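Spelled out, the chains give:
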Amino acid sequence: MAIRSIKNLKEFSTANERFEGAHLLCPGCAHSMIVRELMNATDDNLVISSATGCLEVCTAVYPYTSWDTSWIHIGFENSATAVAGAEAMYKARKRKGTLKDPDAPVKFVAFGGDGATYDIGFQWLSGAVERGHDFTYICLDNENYANTGGQRSSATPIGAHTSTAQAGRVSYGKKQKKKDMVAIMAAHGAPYVAQLAPNKWKIMAKGFQKALETEGPCFINTVSACTTEWKFDPKDTIHITDLATDTLMFPIYEIIDGHKLNILYRPKTVIPVEEYLAAQGRYKHLFKPENKHVIERIQKEINEKWEYLQRREEAGV
Amino acid sequence: MAEKMELQEVEVWDGNYAAAQALRQAQVDVVAAYPITPSTPIVETYGAFVANGYIDGEYVMVESEHAAMSGCVGAAAAGGRVATATSSQGFALMVEVLYQASGMRLPIVLTVVNRALASPLNVRGDHGDMYLGRDSGWIQLDAFNAQEAYDLTLMAFKIGEDINVRLPVMVHQDGFVTSHTAQNIHPLSDDEAYAFIGDYKPVEEMLDFSKPVTYGAQTEEDWHYEHKAKQHRALMDSTVVIDRVFEAFEKKTGRRYNRLETYMMEDAEVAVLALGSTVETSIVAAKQLREEEGLKVGVIAPRCFRPFPFEELREVLAGVKCVAALDRSCPMGAMGTLYNETCGALATIPAEQRPLVTNFIYGLGGRDFSVEEAKRIMREQKGHADVGHITTHIQQFSGLRGPKLGFFESKRS
Amino acid sequence: MKGVLATDKRGVRELGAEELVGWDEVTHGVVLNSFDLEVENPAFSRPEERPYSDFNSYTATVASWRVIKPVYNRDICIDCQNCWVWCPDTSIISRDKQMLGIDYDHCKGCGVCVEVCPTNPKSLLMFGEAEDPEAALAQWPEKKKKAKK
Chain A
1 MAIRSIKNLK
11 EFSTANERFE
21 GAHLLCPGCA
31 HSMIVRELMN
41 ATDDNLVISS
51 ATGCLEVCTA
61 VYPYTSWDTS
71 WIHIGFENSA
81 TAVAGAEAMY
91 KARKRKGTLK
101 DPDAPVKFVA
111 FGGDGATYDI
121 GFQWLSGAVE
131 RGHDFTYICL
141 DNENYANTGG
151 QRSSATPIGA
161 HTSTAQAGRV
171 SYGKKQKKKD
181 MVAIMAAHGA
191 PYVAQLAPNK
201 WKIMAKGFQK
211 ALETEGPCFI
221 NTVSACTTEW
231 KFDPKDTIHI
241 TDLATDTLMF
251 PIYEIIDGHK
261 LNILYRPKTV
271 IPVEEYLAAQ
281 GRYKHLFKPE
291 NKHVIERIQK
301 EINEKWEYLQ
311 RREEAGV
Chain B
1 MAEKMELQEV
11 EVWDGNYAAA
21 QALRQAQVDV
31 VAAYPITPST
41 PIVETYGAFV
51 ANGYIDGEYV
61 MVESEHAAMS
71 GCVGAAAAGG
81 RVATATSSQG
91 FALMVEVLYQ
101 ASGMRLPIVL
111 TVVNRALASP
121 LNVRGDHGDM
131 YLGRDSGWIQ
141 LDAFNAQEAY
151 DLTLMAFKIG
161 EDINVRLPVM
171 VHQDGFVTSH
181 TAQNIHPLSD
191 DEAYAFIGDY
201 KPVEEMLDFS
211 KPVTYGAQTE
221 EDWHYEHKAK
231 QHRALMDSTV
241 VIDRVFEAFE
251 KKTGRRYNRL
261 ETYMMEDAEV
271 AVLALGSTVE
281 TSIVAAKQLR
291 EEEGLKVGVI
301 APRCFRPFPF
311 EELREVLAGV
321 KCVAALDRSC
331 PMGAMGTLYN
341 ETCGALATIP
351 AEQRPLVTNF
361 IYGLGGRDFS
371 VEEAKRIMRE
381 QKGHADVGHI
391 TTHIQQFSGL
401 RGPKLGFFES
411 KRS
Chain C
1 MKGVLATDKR
11 GVRELGAEEL
21 VGWDEVTHGV
31 VLNSFDLEVE
41 NPAFSRPEER
51 PYSDFNSYTA
61 TVASWRVIKP
71 VYNRDICIDC
81 QNCWVWCPDT
91 SIISRDKQML
101 GIDYDHCKGC
111 GVCVEVCPTN
121 PKSLLMFGEA
131 EDPEAALAQW
141 PEKKKKAKK
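Residue numbers (the numbering used here), protein chains in the order written: chain A, 1 to 317; chain B, 1 to 413; chain C, 1 to 149.
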């Protein structure tokens, strides 16, 4: 196990990057911030799978790869299963003594967007977690199918405009609430489940390390602000993410062994959600008088969720 | 270390058990599978081997066939021997990943127990699933009985994993008729079987950390075509290795396999072309017709459905007067696959050597195909041969209730 | 700085400028090798020490995506590494806890590094792509005074 020291950012910055530039992700994309941080959090060898999506189509376009570690992409839905297969092969070959370097430490990591995780790959992820493969699944949650031009996913929050849940004269955008994937994964009894954000780099790096160190299947939902589909200036990715965590739109917390909940970040001042919504083009229509009720509903649900999380934490069960 | 199993010189196994034994003897590193009728006993039998210490590899029971093949692809890219089993709807669910496996050149072995495709739902054998796989870039070997299912499964590893092939291989057998019918099997001992296949040789493996590899890159119009062409070439060229492995297996066991099997074709005037258990039915019918009625009937059967034995087929059919291609899958708006492959091959030989070619659709959803029906078809072909043209519809449905169903007639002027 | 930052291979090709080889020369199974030679775990080697293959995007450049670029002012920088941790393009070059500069072969000019820079004035500022770095440094703003309450 070669978990890197992350006492402070200076120390963290001595990592030797294994995710290379000249990938094709949009300027300001949070995906690569998250991926870099995961890879820099450990010195172990990595076997990584990626679901079809922004990360995949932008980091392995023949004849280029941006990965300095073993990497595989099969389809949209089976990132978890791809890495689970590799993990099973590792166990078999270790037992049989056919690995080239049997002592080399290795971690298995699967990436998927919210489309791959919440929607099309839901069953594959559920199966791999239930079987107990030793891997970490990281969802890069940008709340839409960004790779194909911004269609709704079950991670899209209520009120957001997407190309398949449009805001218009008679519509305020998506009508349904975001699926609570963290709760669902915790309900699998996974040993470590968390929701993290790249603006809180240290909490995120520690969460990644915890997941990598924990034996068994771990799930992390990361908020990945999408400059293209959320419609904000690329330079503002971290600012928008700050608003996401400080309005509690994205609370940062972990759930251990399926039940014990710890809140990992408490904003000093909780910002009204309006500020977060107003900073993004996808919520622009909510500020029309007839849609004000949606903002109120979003705020109400944030408050209720935060109350729930705090009570869960206090209960300590 | 896995325990070895003492086998008798002759065992009584059905096709499923035979396939499971071959997987055990191959010492597969990862079996990722999901059960489906009628291939379920392959996975169950293998599970019993796991539970009793006969398997060192991983046995991953996933939540769907799509995940089964996905797990197989991930495992194979990690540099070891991989196999699974499926049928019908499960095969259909796997299809997306079948193309991924072959495109990545991963030599996975898939034992397919052929079964009809819904709708309507049906658990019995036909070749709908086998035909669904025909453009997927896999080598497709077809067993006509349980012994062959065993033999071909062993050989599938040696063929697919050959450094000059590196392609996934399907071994087909007919649902129930082959998979659930016990017969005498002559197995190899565990040591002999493993020695025949040999150790797996990793290529571009994800677990060699000194050489990081990227699997599954995106290609668009400037690269995709070249990769697909290269893959097609590899499949075409695999015939050399298939032939070599068949020869080596004959040396070891005395059992001879050919990419195109021919029976009684030396002097045949008419022939039928078929796959699966129908081949044995047809052989019995042909023998009876030869003995009882003096008809010179032969039987042709592609052992290797992909790559298709184009040259061998046109060679054996040159000079034959009439051949019926029997397709156990409904072509839905076209002629059957075996008919089309046959006509394609025959179009390249001189016109005067070309037989008449007819097409029968038969046995869908496990409808029995009897010796009597095979004989009727053979006699009918003899009738065409005698008058020099096809006197019936070119495509007919055999064994179907209701009014006679047929399509297209010969153009004679 | 040049000795550390410059490697023979980084950013040598525009994307799409690679040679289009025939079917007989494309890689087996569409597999791409990250390196030409066997390597130790790259987590223990610096980019400039690695035997990058032509398939590694490290050898490509996306500089042409940029219309504005960050310019780095060493004199003000406190090496906090905020820019390093949040750069989406692996384009902040840090060695031994020190920020050395910007990898202009891989920087797409998103401006995140400037936004997250905490110094006053900022140690990174965006300028037009054509701006001369010396000229940019010459027009660097003064420290901003805190607004009186």
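Treat the hints with caution; some may be incorrect.
Said to hold, decoys possible - Simulated coverage check for chain A against chain C, where a stretch passes if three residues somewhere in it have a Cβ under 8 Å from a Cβ of chain C:
id, segment
1, 31-39
2, 42-52
3, 108-119
4, 246-255
Stated by the list, open to error - Below, in silico cross-link-like pairs of lysine to aspartate or glutamate (DMTMM-like), each with a Cα-Cα straight-line distance of 25 Å or less:
id, chain 1, residue 1, chain 2, residue 2
5, A, K200, C, D79
6, A, K100, C, E19
7, B, K228, C, E19
To be verified - Facing chain A, according to a computed beta carbon distance under 7 Å, are these residues of chain C, among others:
id, residue
8, N73
9, C77
10, V85
11, P88
12, T90
13, S94
14, V112
15, V116
16, T119
17, N120
What the hints contain is simulated information worked out from the structure, not anything from laboratory work. If you're wondering where the values come from, they're calculated on a predicted model, not measured in any experiment. All C-beta atoms in this analysis are idealised placements derived from N, C-alpha and C, irrespective of residue type, glycine included.
Hints and how they fare:
1. A count of 5 residues in the segment 31-39 of chain A with a Cβ less than 8 Å from any Cβ of chain C is obtained; the coverage claim is therefore met, three being the minimum.
2. Coverage of the segment 42-52 of chain A by chain C holds [criterion: at least 3 residues with CB-CB distance below 8 Å; count 4].
3. By the rule of at least three residues with a Cβ nearer than 8 Å to a Cβ of chain C, the coverage given for the segment 108-119 of chain A is violated, with 0 such residues.
4. Counting residues of the segment 246-255 of chain A whose beta-carbon sits less than 8 Å from any beta-carbon of chain C gives 0, not enough to reach three: the coverage restraint is violated.
5. Simply put, K200(A) and D79(C) have alpha-carbon atoms about 18 Å apart, close enough for the 25 Å limit, and the pair holds.
6. Taken as a hint, the K100(A) and E19(C) pair is broken in the structure, with Cα atoms around 33 Å apart against an allowance of 25 Å.
7. As the CA atoms of K228(B) and E19(C) are separated by approximately 18 Å, the hinted pair is consistent with the 25 Å bound.
8. Because the smallest distance between the Cβ of N73(C) and any Cβ of chain A comes to about 18 Å, over 7 Å, the interface hint for this residue is violated.
9. Because the closest C-beta pair between C77(C) and chain A is about 12 Å apart, greater than 7 Å, the hint is violated.
10. Interface restraint check for V85(C): the shortest CB-CB distance to chain A comes to about 5 Å, inside 7 Å, so the restraint holds.
11. Here the hint on P88(C) is kept, as its CB sits about 4 Å from the closest CB of chain A, short of 7 Å.
12. With a cut of 7 Å, the hint placing T90(C) at the interface with chain A holds, because the nearest CB-to-CB distance is about 4 Å.
13. The interface hint given for S94(C) is met, as the beta carbon of that residue sits about 5 Å from the closest beta carbon of chain A, less than 7 Å.
14. Hint status for V112(C): holds, given a least beta-carbon distance of 6 Å to chain A, under 7 Å.
15. Given hint, V116(C) at the interface with chain A, holds; its Cβ is 5 Å from that chain's nearest Cβ, closer than 7 Å.
16. A least Cβ separation of about 14 Å between T119(C) and chain A goes past the 7 Å threshold, and the interface hint is therefore violated.
17. At its closest, the beta carbon of N120(C) sits 17 Å from a beta carbon of chain A; the interface hint therefore is violated under the 7 Å criterion.
Hints 3, 4, 6, 8, 9, 16 and 17, counting from the list given before, are not met by this structure.
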